[in-house]
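*Asks:* Just so you know, we're using my numbering here: the sequence shown kicks off at 246 and counts up by one.
Please keep in mind that the hints were generated in silico from the structure rather than gathered at the bench.
Hints are all accurate, no fakes.
Taking lysine-lysine and the DSS-like style, the derived pairs with C-alpha atoms no more than 30 Å apart in a straight line are:
#1 K341 with K249
#2 K402 with K342
#3 K402 with K249
#4 K342 with K249
#5 K341 with K402
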Amino acid sequence: MDRKVSLLVRAALMAALVMVATRFASIPTGIAEGYIHLGDALVLGCAMLMPPWWAAAAAAVGSALADLLAGYALYIPATFIIKGAMALVAALIMIKKPSFVRILLASLVAAAIMVGGYCLFEIFVYGMPTALADVPFNGIQAAGGIILGVPLCLVLKRILPVINKQK
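Required output: the full structure, derived from the provided sequences and hints.
*Replies:* Take a look at the structure:
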């Protein structure tokens, strides 16, 4: 199969998985219309499985679709940019020899992008008090993404050579 077609299929599959993990494995926080979910672990999985721009596209589309399906239309543009940036930066950090340290660093930087990005967005939409009140919930979500995403990436690191040999 052509490399671009293979990447497109992989990106579409990962976007769907990100959307499902975000939308259906979530708990509403009640603050700033947000919710805590498991999708960030798969955003990191995108970064591990694909080149940086493909990872960004899959994470952005899957996360934005989850917001659309959840009825959070206001968040779609911010989510698209923030989740895409998370995956892009994480993929760039992990692109060469994805060791445990690089995966952990990528996860921490991605978490900071998410917490900071949503805080900035919510300052403009809801004001400073609400945005700051939402930071702990975004921090919990980020921690969950790290706790689940780092092991996921370590498993993917081990099985990628096997998958790539089967081409």
